[in-house]
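Residue numbers (this note's numbering), protein chains in the order written: chain A, 1 to 295; chain B, 296 to 754; chain C, 755 to 1028.
I should point out that these hints are in silico values taken from the structure, not numbers from a laboratory. There's no promise every hint is true.
[Stated by the list, open to error] Covered, in the sense of this in silico footprint (three residues per stretch, anywhere, with C-beta under 8 Å from a C-beta of chain A), are these stretches of chain B: (1) 372–378; (2) 403–410; (3) 594–604; (4) 732–739.
[What the hints assert, rightly or not] Derived DEER-like restraints, expressed as beta-carbon distance ranges: (5) L9/A <-> L942/C: 15 to 25 Å; (6) K183/A <-> K562/B: 22 to 32 Å; (7) M50/A <-> K545/B: 42 to 52 Å; (8) A919/C <-> R3/A: 12 to 22 Å.
[Said to hold, decoys possible] Taking lysine-lysine and the BS3-like style, the derived pairs with C-alpha atoms no more than 25 Å apart in a straight line are: (9) K399/B <-> K486/B; (10) K137/A <-> K504/B; (11) K971/C <-> K387/B.
C-beta: ideal position from N, C-alpha, C; glycine also.
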Amino acid sequence: MHRVLRDKLAIAIFVLPGLAFFVLTFVAPILLSGYYSLTDTLGPGTDVKMIGLDNYLELFHDERFWLALRNALLLGAGFVILQHPVCIAFAVLLDRIGGKAEKWFRTIFFIPCVISVVVISRMWLSLLDPTFGMFNKVLAGIGLSSWQHVWLGDPKTALGSLLGILIWAGFGWGLLFYYAGVKGIPEELYEAARLDGATGLKLHLRITVPLLSPVISVQVTLAIITALKQMETVFLTTNGGPGDSTQFLAVYLYNQAFAASRYGYANAISILFIVVCLIATYLSNQFIRDKSTEY
Amino acid sequence: MSKLSLKTMVSALAVLMTALIVLTACGGKNDNAQESSPAASSPAASGGASASAPAENVTLRFFSNLPDRKSGQGLAEQTVIDNYVKENPNVKIEVEALAEEPFKNKLKAYMASNEPIDVTMVHFGAEVGTLVSAGWVEELNPKDYEGEQYNFLPGVFKGFTFDGKLYGLPRNSDYEVIYYNKKLFDDNGIKVPTTLEELVDAAKAFRAKNIEPLSMNGKDLWSLALLYQNIAQRISGDQASILDATAGKKKFADDPALLEAAKWMKKLADEKVFNTAYMTMDYGASQNLFTQGKAAMWYMGSWEAGMAANQQLSEEFRKNLGVIKFPTVAGGKGKDTDLLAWNGGGYALVKASQHKEEAKKFFNYLMSANQWAKVAWDTGAAVPAQKYTLTGKETEVQKQLADIQLNATSTAGMTYIDASSAAYKDATQNAIGKLVTGADSPEKFMEEMQAAADAANKK
Amino acid sequence: MSTTRKKVLWAFFLLVAFVQLFPLIWLLNFSIVDANAFFSSKILLWPEVPKWHNYVNAWVDGKFPKYFLNSLIVTGSTIVLTVVMSISLAYAFTRMHWKWRSFFYTVILLGIMIPIHATLLPNFAIFKALGLTDSYWGLILPYTAVSVPLSTFILTGFMRSIPSAMEESAVMDGASIYRIVFQIILPLTMPAVVTVAVTTFLTCWNEFIMAATFISKDSLKTLPFSVMNFAGLYSSDYGSQFAVMVLTSVPAIVIYAMFNEKITKGVTAGAVKG
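The whole structure should be built from the sequences, with the hints applied where relevant.
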């Protein structure tokens, strides 16, 4: 290869700024977190006492931590089982409808994705409000009064309602990526499969899904990370409640650091949080890779 | 992402971990670095003190939890600030005001970064306690605040005193009452409750009429905790019991009233006494439900006296607003004149201030009996922690509130959630949330309370 | 596809679109309703006297113009920085030859997985120490840092799909590496750059937790935070709250409408290569 492409100085100029940013906003804070996680400090500036691994030991017995992790996994499962198949189905249908409609619907379905999370959260809080919210009024309007419910206020339905809000808000992104994937599948493959007698769902299971597997793999991994990282929507709607039923790691750590003044402990949560995210990414990659090689 | 291999990921992690260990090893050095930073700011402060030229322009930073500057307490606070600026044209006061929950979080962030705020609002107990141990707030001399100029009521410094030292001054006399909508009671022929049993009956009657009984900001949890403390006192007649258990002087199980009160909480939730969506309601939402006439009652503190004078609320609502003492419970030893009272909100001086002299001057002005206390009372915004004189122009609600305060037979002085560490507050508030939503039984709730107290007192 | 099936599909899509947009329609509707009328039992209602004053409240007391400008400055700078950095990184990762290439690529990609909220607390202390809080940089820098990993990932994937013939001839002609990247590669990767720019725009424009933690000066605050602040200010006036929410959402929807086609093209061009 050409010498220009081995130019050390150019490589440094290209890579170092990005790397410096990475160190400043990821590595340095993580190191600092790691340090604080070994202390019992109330916050930077207060007395710091090294307590070794006590925070981590406590964390392993902390029900709320495991509950938060379980909720994240449930949410992730919700994304994978509910949102993604629907997104794929819509992507296929969108591709079939063609013409102006394809463009129009693609545009409309994406609109919730551009709305700020603050607006989404406050809007849904109002929508689901049992006294003036639209949701229960609509239920009453279509004769389903018995379904009226305090969706976010009942521990049994809070997590599910949250999933609903997040799917509403994120549906467009999933759809867009799968749609792009579907567009990349050559029509001849469908023709060939049709000649073999495959139609409808069978056709898609045989052609669309396997050919989408690279997109699915990336999207599912991102979905799981999104579920683990869930923060703003929860923070602004239920703040982990009622009774921890929508507790998530990021919310829990934020509240432990700020509300409970357990800064050292919160940092121990941070460190485990990061480790969990990395493990989840790795596992989902492995799992999907095994799956996709079957085809 | 599918390009990630385990090997590269592990090696990347290994680099991070090595660096982590190195940093931890020199952690001792970090401590010193941290401690020296507050000291670094003090020369600047003393420099400001020596320059006593009157015309020197300063801008003070004031941090508040009252974002609404046009009515109620926010207006009162802003009025005092405007008064001061008028009298001291060389001073500018920059107000940063956030709503309650964001305020609390931001305060911790400021503490962590040793932000040079000059005067800040603070909450008593655990919150000031954390700020004190971070060395962020200035110690005050209680002797300075005796006498006519300030006119503080006796015993109001309790929540701001740590190890015998004073770190802030209270702005209000806080006590829990039930605000109610007279019209909703009259129109539906429902009796205003004087006992918890009657409260449950009233709630059922309101439910039958499709009216929310008692509005409750359950999402914030602290109102539920106060309600619990209130009920426990009504059963046992003992204001100190729950505070003693919190301080580790006795066990929660020693006082059967505490378990009984937990059962009452569960009952109130099960009987749907609280508004339907109470667990998603924050302060503003629960207030709206009440002020819009959709809920018959609101369990809240005396600092909401200003509702009666708030022009933004409908006249019909203001006309029908009443206050009742917290109900008693059948067979309980507590009287309705026993008050769950404390002094929660207040102000403190910040050590990192760059204009200590000017900050203190303003702080003393703010806390003078003829400033905050007078303005707050005269505008009907709050019941101050200082002596106030009745002007005769008070609203009916203010008179009722003053009456309740003056006739109190006993006061709690503290709320249990604020009487220990911030971690205790968080843990016990979480416990009460689990209790009312049915995730924990009253018995399990008692265990959680005990565990939280044990953890807090271990240190 | 037969016409009847297409019609059914049309109807189905219309229904879904309606259900999906209905919350926003409701928001828009009630933003001109008086706070006292909120508790009516109607699902949608056209008030006899639309309360346009809610928008005056939102515009004036919500300080919309000021926060809008701040959002614009922060988001604009972040997009430029992110694009320049990600292009450079992606080029170094795909085309250039150096020893630690795959290692550093993985390190940068870890940035996608690391939750920003886990680093929020220490970050605040670090930024404070560097004097970066309470300035536009206090938001631009972390926003850029958060956007770069995913952007680099998208651009790297895209660049791999571009044949290197054009640059090779440029290299032969003796063009400098910087000219190659910014005059030859940049135009070629334009679809992916637009995707990156728009995703970055949406993340930064709507971000709130860092904006709330890092910025305290009112003159530097951004739009999402103003929604929160306004909710405290007008806690008893849902109509005005809704108005400020609508106002905040409009710019993002306009930007989206403008770049809609380009986003789809960018994603279509890059996604398959995941």
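Outcome of the hint check:
1. Here the segment 372–378 of chain B counts 0 residues with a CB under 8 Å from a CB of chain A, which misses the bar of 3, and the coverage is violated.
2. Counting residues of the segment 403–410 of chain B whose beta carbon lies closer than 8 Å to any beta carbon of chain A gives 6, which reaches the threshold of three, so the coverage claim holds.
3. Coverage of a stretch by a chain is defined here by at least three residues with a beta carbon nearer than 8 Å to that chain's beta carbons; for the segment 594–604 of chain B and chain A the count is 0, and the condition is violated.
4. Judged by the Cβ-Cβ criterion of 8 Å, the segment 732–739 of chain B is covered by chain A as claimed, because 4 of its residues qualify and three suffice.
5. At about 24 Å, the beta-carbon gap between L9/A and L942/C stays in the expected band of 15 to 25 Å.
6. Remark: the range hint 22 to 32 Å for K183/A to K562/B is contradicted by a beta-carbon distance near 60 Å.
7. Under the hint 42 to 52 Å, the C-beta atoms of M50/A and K545/B, about 33 Å apart, miss the expected range.
8. The supplied range of 12 to 22 Å is met by A919/C and R3/A, whose beta-carbon atoms lie about 18 Å from each other.
9. A hinted pair counts as satisfied when its Cα atoms are at most 25 Å apart, and K399/B with K486/B does not qualify at roughly 39 Å.
10. Of the supplied pair hints, the one linking K137/A and K504/B holds, its CA atoms being roughly 18 Å apart against a limit of 25 Å.
11. The hinted pair formed by K971/C and K387/B meets the criterion: a straight-line CA distance of about 15 Å does not exceed 25 Å.
In the structure shown, a violation is registered for the earlier hints numbered 1, 3, 6, 7, 9, in ascending order.
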